[in-house]
Amino acid sequence: MPDTKISCPDLRVELSGWELDNPVIPASGTFGFGYEFADFYDINILGSIALKGTTREARYGNPLPRIAECREGIINAIGLQNPGVEKVIEEELPRLRQVYRKKSVANVSGFSIDDYVYTAKRFDELEDIGILEINISCPNVHGGGMAFGQEPEAAASVCAAVKAACHKPVYMKLSPNVTDIVSIARACEDAGADGIVLINTLLGMRIDPRTGRKIVSTGAAGFSGPAVKPVAVRMVYQVYDAVKVPVIGVGGIETADDVLEMMYAGAAAVEVGAANLIDPYACKNIIEELPRRMEAYGIARLSDIIGRAHRA
Amino acid sequence: MYKKGIYEISENVCIADKVYRMRLDGFTGDITAPGQFINIQLPGFYLRRPISVCDWDEKGVTIIYKVVGDGTELMSGLEKSTKLDVLTGLGNGFDVGALKSGQTAAVIGGGVGVPPLYALTRKLLDRGVSVKAVLGFNEESQIFYDREFSELGAETIVTTVDGSRGIKGFVTDALKDMSFDHYYCCGPMPMLKAVHGLCTDLGIEGELSFEARMGCGFGACMGCSMETRNGTRRICKDGPVFRSEEVSFDA
Ligand SMILES: Cc1cc2nc3c(=O)[nH]c(=O)nc-3n(C[C@H](O)[C@H](O)[C@H](O)COP(=O)(O)OP(=O)(O)OC[C@H]3O[C@@H](n4cnc5c(N)ncnc54)[C@H](O)[C@@H]3O)c2cc1C
Ligand SMILES: Cc1cc2nc3c(=O)[nH]c(=O)nc-3n(C[C@H](O)[C@H](O)[C@H](O)COP(=O)(O)O)c2cc1C
Ligand code: FES
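Protein chains in written order, with my numbering: chain A, 1 to 312; chain B, 1 to 251.
Be aware that one or more of the hints could be misleading.
To be verified - The calculated lysine to aspartate or glutamate pairs, modelled on EDC-like cross-linking and capped at a C-alpha distance of 20 Å, are:
(1) B:K4 x A:D208
(2) B:K237 x A:D39
(3) B:K3 x A:E91
(4) B:K59 x B:D70
(5) B:K237 x A:E92
(6) B:K66 x A:D208
(7) B:K83 x A:E92
(8) B:K100 x B:D85
(9) B:K237 x A:D208
(10) A:K214 x B:E211
(11) B:K4 x A:E91
(12) A:K284 x B:D85
(13) B:K237 x A:E254
(14) B:K3 x A:D39
(15) B:K3 x A:E92
(16) B:K4 x A:D279
(17) B:K3 x A:D42
(18) B:K3 x B:D57
(19) A:K214 x B:D181
(20) A:K87 x B:D238
(21) B:K4 x A:E92
(22) A:K87 x B:E227
(23) B:K4 x A:D42
(24) B:K4 x A:D39
Stated by the list, open to error - Quick list of simulated restraints, FRET-style, between CB atoms:
(25) B:N138 x A:S157: 53 to 63 Å
(26) A:G219 x B:D70: 14 to 24 Å
(27) B:P190 x A:K87: 29 to 39 Å
(28) A:E86 x B:D250: 25 to 35 Å
(29) A:G192 x B:E73: 51 to 61 Å
(30) A:N44 x B:I167: 30 to 40 Å
(31) A:D114 x B:D85: 19 to 29 Å
It is worth saying that the hints were derived from the structure and are not from the lab.
For every residue, glycine included, the Cβ atom is placed at its ideal position computed from N, Cα and C.
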C-alpha cells in the first residue's frame with residue numbers, strides 16, 4: 001500500500017465536456033424520476049441521475065409479476081412503463097427540479113427510428129439534460145428496444161439518426177445479449193456516438209421449483225445486480241480498447257471498490273442500478289466511501305485511473 | 001415518510017401452523033397508519049421481504065408472517081436479539097378517518113391478510129367506531145388472532161373453508177347477512193375480488209389492500225404497478241390500500 005497521504009481526493013470526471021462532481025449516476029429504471037429518493041437524502045450529491053426510460057407514447061408495461069429474485073441479483077420485466085415524453089417533461093421533470101439542481105441523463109427508448117428521434121429531440125431542447133442516453137438494449141419489449149442493439153447496422157442507424165437531429169452528446173446504451181459487443185460499439189462510434197453506456201440487463205429466467213412455473217409474466221426478462229458485475233467489467237474493458245469515446249460502466253455496482261474496478265476497466269463514469277432498490281442509500285454510501293477508498297489506495301485523482309488496468 | 005433503520009428481534013414465536021409473530025424493537029416514528037408495511041433485509045437474500053405492520057408502539061413494531069418460501073423459512077429461525085435492516089413507514093395505509101363514532105366497520109381478513117387489520121381495529125375502536133371482524137382461514141390449525149380481536153372489543157367471526165371452526169365457507173358467506181357502513185379488506189386476490197363484488201352489490205364502499213412481488217417497496221422500480229380506474233398506480237407507494245371505487249378487477 002502506498003504511504004503517500006492524499007489530502008483531498010479529486011472525484012471529478014468528465015463526459016463530453018460536461019464535468020460531474022463524481023462519477024456516480026443512478027441507472028435508468030432504478031431511480032424513477034429521482035424525486036422519490038429526495039425523501040431519503042439530498043440527491044444533489046449525485047454525479048447526475050439517469051431518468052427512467054422514456055418513450056414517445058405512454059406505456060403501461062408488462063403484466064405482473066414483473067420481479068423475481070435471484071442469488072445476488074434481480075430479474076425485472078417492467079417493460080418500459082412510463083407516462084410518455086410529454087408527461088415526463090410536463091409533470092415529472094418539474095417535480096425533480098424542486099429537489100435537484102444538476103443536469104440529468106435522459107434515457108430514450110423507442111420502437112422505430114422515428115420514435116427515437118422524436119423523443120430524443122424533445123429532451124434535446126431542455127437545458128437541464130446533460131446527455132442523451134439512447135437505450136437500444138431493453139430486453140423487456142417486443143418489436144424494438146433490444147432489437148436495435150443486436151446488429152451493428154441497426155445500432156448505427158439509430159445512432160446516426162438521433163445524432164443528426166440533436167445537439168447534445170449522444171450516448172448509446174448497449175445490450176450485453178450479443179455475440180460481439182465490440183463491433184456494435186464501434187459501429188455506434190462510427191455513426192457519431194459521443195459515448196457508450198454498458199451494460200443493460202442480461203436475459204435471464206427464473207422458474208419456481210415449488211410450482212414449476214416461470215416467475216415473471218414474460219418468462220425471460222432482464223437480469224442484473226452484483227451477479228452480473230464480472231460480465232459488465234469484461235465488456236467495459238473490451239469496449240474501452242476498441243473506441244475513443246467515453247464509456248459509462250453499469251452492472252452490479254454496489255460499493256466504492258466496484259466503482260474503482262469499473263473505472264480501472266475503462267469507465268469514465270458509472271451507473272448504479274439494482275443496488276438502489278435494495279438500499280435506497282446505495283449511491284450516497286458509495287459517494288461517501290469513495291474518497292476513503294481512494295486515500296487507502298493512494299489515488300489522488302479519480303480520472304487518472306480510467307482504463308489503467310489496460311496498462312497494468 | 002419512510003426510513004431505514006436497524007431493528008432488534010425481541011420475540012419470534014409460532015402462533016399457528018407455519019405462522020409466526022415477530023416483534024422488532026426500534027424507531028417507529030415513520031409509521032403513520034395501519035395497513036402500511038415494512039421491508040426487511042434478510043441475510044443471504046438479495047431482495048427485501050415486504051410484511052405488513054400488525055401493530056406498533058413507541059418501542060417497536062409487531063409483524064405476523066407465514067412461512068411460504070426460503071426467506072420466511074429463514075426468518076422463522078432467527079433468534080432473539082438478532083439485528084435486521086428494515087425500511088419502515090412504507091405505503092399509504094388504511095383511512096381510519098373514513099368513519100365517525102357510532103358507525104360500524106367490517107374488517108375482513110384472509111390468512112396472513114389478517115395482521116394489518118389488528119392495529120386498524122384498535123384505532124377504529126379508539127375513535128368510537130364499532131368493528132365487526134371477519135377472519136377467514138382454510139382450517140382450524142391456521143387460525144390466529146381471533147381472541148386478540150375479541151379482546152380489543154371487536155365482534156369477531158371466524159370462517160374456515162373446511163368448517164373445522166366457525167362458519168363453514170368463505171368470508172363472503174359471513175358478510176352477506178351483516179350490516180356495516182364501510183369495509184376494510186386484506187387477503188389473497190380471489191378474496192379481494194369476491195368481497196369487492198359483494199360489497200359493490202350491497203352498495204357499500206371500502207378499502208382493499210393489495211400485494212405484489214416488489215423490487216424496491218418505495219416507488220422507484222415500477223415492479224408493482226396496477227391498473228386502476230384512476231390510471232396506473234404503484235402498489236408499494238400509491239397503495240397498498242386502494243379505495244373500492246378506484247379498483248378494477250377486469251384486467
Ligand atoms: C405489502 C405487502 C404486505 C405483506 N404482508 C404480509 C404479512 O403481513 N404477512 C405475511 O406472511 N406475508 C405478507 N406478505 C407476503 C410476503 O411478502 C411474502 O410471503 C414473502 O415475501 C415470501 O418470501 P419467501 O422468501 O418466503 O418466499 P419466496 O417465494 O422464496 O420469495 C421469493 C421472492 O418472491 C417474493 N414473494 C413471494 N411471495 C410473495 C407474495 N405473496 N407477495 C409479495 N412478494 C412475494 C419474495 O419477497 C421474494 O422476493 C406481504 C406482501 C406485500 C407485498
Ligand atoms: C427495475 C429495473 C428497470 C430498468 N429500466 C431500465 C430502463 O428503463 N432503461 C434502461 O436503459 N435500463 C433500464 N434498466 C437497466 C439498468 O439501467 C442497468 O443497465 C442494469 O440494471 C445493470 O445495472 P445493475 O446491475 O446495477 O442493476 C433497468 C433495470 C432494472 C433493475
Ligand atoms: S416495488 Fe418498486 S415501485 Fe413498487
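Now the hints, each set against the structure:
{"no.": "1", "hint": "B:K4 x A:D208", "result": "30 Å, violated"}
{"no.": "2", "hint": "B:K237 x A:D39", "result": "13 Å, holds"}
{"no.": "3", "hint": "B:K3 x A:E91", "result": "26 Å, violated"}
{"no.": "4", "hint": "B:K59 x B:D70", "result": "29 Å, violated"}
{"no.": "5", "hint": "B:K237 x A:E92", "result": "16 Å, holds"}
{"no.": "6", "hint": "B:K66 x A:D208", "result": "18 Å, holds"}
{"no.": "7", "hint": "B:K83 x A:E92", "result": "37 Å, violated"}
{"no.": "8", "hint": "B:K100 x B:D85", "result": "38 Å, violated"}
{"no.": "9", "hint": "B:K237 x A:D208", "result": "27 Å, violated"}
{"no.": "10", "hint": "A:K214 x B:E211", "result": "19 Å, holds"}
{"no.": "11", "hint": "B:K4 x A:E91", "result": "28 Å, violated"}
{"no.": "12", "hint": "A:K284 x B:D85", "result": "17 Å, holds"}
{"no.": "13", "hint": "B:K237 x A:E254", "result": "24 Å, violated"}
{"no.": "14", "hint": "B:K3 x A:D39", "result": "9 Å, holds"}
{"no.": "15", "hint": "B:K3 x A:E92", "result": "23 Å, violated"}
{"no.": "16", "hint": "B:K4 x A:D279", "result": "9 Å, holds"}
{"no.": "17", "hint": "B:K3 x A:D42", "result": "14 Å, holds"}
{"no.": "18", "hint": "B:K3 x B:D57", "result": "16 Å, holds"}
{"no.": "19", "hint": "A:K214 x B:D181", "result": "42 Å, violated"}
{"no.": "20", "hint": "A:K87 x B:D238", "result": "18 Å, holds"}
{"no.": "21", "hint": "B:K4 x A:E92", "result": "25 Å, violated"}
{"no.": "22", "hint": "A:K87 x B:E227", "result": "18 Å, holds"}
{"no.": "23", "hint": "B:K4 x A:D42", "result": "15 Å, holds"}
{"no.": "24", "hint": "B:K4 x A:D39", "result": "11 Å, holds"}
{"no.": "25", "hint": "B:N138 x A:S157: 53 to 63 Å", "result": "58 Å, holds"}
{"no.": "26", "hint": "A:G219 x B:D70: 14 to 24 Å", "result": "22 Å, holds"}
{"no.": "27", "hint": "B:P190 x A:K87: 29 to 39 Å", "result": "34 Å, holds"}
{"no.": "28", "hint": "A:E86 x B:D250: 25 to 35 Å", "result": "27 Å, holds"}
{"no.": "29", "hint": "A:G192 x B:E73: 51 to 61 Å", "result": "54 Å, holds"}
{"no.": "30", "hint": "A:N44 x B:I167: 30 to 40 Å", "result": "58 Å, violated"}
{"no.": "31", "hint": "A:D114 x B:D85: 19 to 29 Å", "result": "46 Å, violated"}
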